[in-house]
Amino acid sequence: MPVAIKFCGLTRARDAEKAVQLGASYLGVIFAGGPRQLDAQQARGVLAPSQGTSLASVGVFGSQAPDEIARAAEQAGLKVIQMHGDPSAEVIDDVRRLTGAVVWGVARIAGGELPPGHAELFAAADGVVLDSRVSGALGGSGTTFDWLAVRDGIRALGNGRPIILAGGLTPENVEAGIRAIRPDVVDVSSGVETRVGEKDHSRMAAFVLAARSPIAP
Numbered sequence: 681m682p683v684a685i686k687f688c689g690l691t692r693a694r695d696a697e698k699a700v701q702l703g704a705s706y707l708g709v710i711f712a713g714g715p716r717q718l719d720a721q722q723a724r725g726v727l728a729p730s731q732g733t734s735l736a737s738v739g740v741f742g743s744q745a746p747d748e749i750a751r752a753a754e755q756a757g758l759k760v761i762q763m764h765g766d767p768s769a770e771v772i773d774d775v776r777r778l779t780g781a782v783v784w785g786v787a788r789i790a791g792g793e794l795p796p797g798h799a800e801l802f803a804a805a806d807g808v809v810l811d812s813r814v815s816g817a818l819g820g821s822g823t824t825f826d827w828l829a830v831r832d833g834i835r836a837l838g839n840g841r842p843i844i845l846a847g848g849l850t851p852e853n854v855e856a857g858i859r860a861i862r863p864d865v866v867d868v869s870s871g872v873e874t875r876v877g878e879k880d881h882s883r884m885a886a887f888v889l890a891a892r893s894p895i896a897p
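Taking the working numbering, the leading residue of the sequence shown gets 681, the next gets one more, and so forth.
Some hints here could point you the wrong way.
Unchecked claim - With a straight-line Cα cutoff of 20 Å, these simulated EDC-like cross-link-like pairs (lysine to aspartate or glutamate) come out: (1) K759 to D773; (2) K759 to D806; (3) K759 to D719; (4) K759 to D774; (5) K759 to D864; (6) K759 to E697; (7) K759 to D747; (8) K759 to E748.
Hint data in this document are derived by calculation from the structure and do not stem from the laboratory.
My request is simple: use the sequences and hints to build the entire structure.
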């Protein structure tokens, strides 16, 4: 199966529309702070091009309380909740129960080491996002981590949870990331931007082309 594609950090409906045209599987909006932060009504407007399609809308959250996440998910029409705030299994369960959404946990990786508690995260979440741990940022840093160093640890878990590769992906390096990690989804934000929050449509197309090029075993 070809890798699925998520365009994240969307702030403009026209960028979401381009993602739909390119055949993306996921559209991501940010509720976790930072320069791409939206409120629920803004997010709903940005995600409008996905209405009536099979695309899944993803909301990226930090350490908000589960009931706050549930309100935003309902107002914005989210199908996936992505939790960057080092969530516990209990919090993941609460968010899933309150929203009825798929819940992705985020393993933020510094250098080449998986974070403490990563096995519990894999067991609790419906999917795991591998992202770079950067001081002062929950995501969207444009920084990669050492894919090869964590590859064996990720594969050893072997529990069938979808793996989403994020952290500094670009049209130039996404194929190498896919070869190293063999993810189910690749997640790009700053790597296809002209400026923060504004996607470059030619780079979006180049990212899709690179991610879907034949990958050698």
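Structure-based check of each hint:
1. For the proposed pair K759 and D773, the alpha carbon gap of about 15 Å is at most 20 Å, so the pair holds.
2. A hinted pair counts as satisfied when its Cα atoms are at most 20 Å apart, and K759 with D806 qualifies at roughly 12 Å.
3. Our distance criterion of 20 Å between C-alpha atoms is met by K759 and D719, whose separation comes to about 16 Å.
4. Pair hint K759 plus D774 holds up; C-alpha atoms about 16 Å apart against a cutoff of 20 Å.
5. Under the criterion of a C-alpha separation no larger than 20 Å, the hint pairing K759 with D864 is consistent with the structure, at around 17 Å.
6. Between K759 and E697 the CA atoms are separated by roughly 18 Å; this keeps the pair inside 20 Å, and the hint holds.
7. The straight-line distance between the Cα atoms of K759 and D747 is roughly 16 Å, inside the 20 Å bound, and the hint therefore holds.
8. Taken as a hint, the K759 and E748 pair is honoured in the structure, with Cα atoms around 15 Å apart against an allowance of 20 Å.
The structure shown violates none of the earlier numbered hints.
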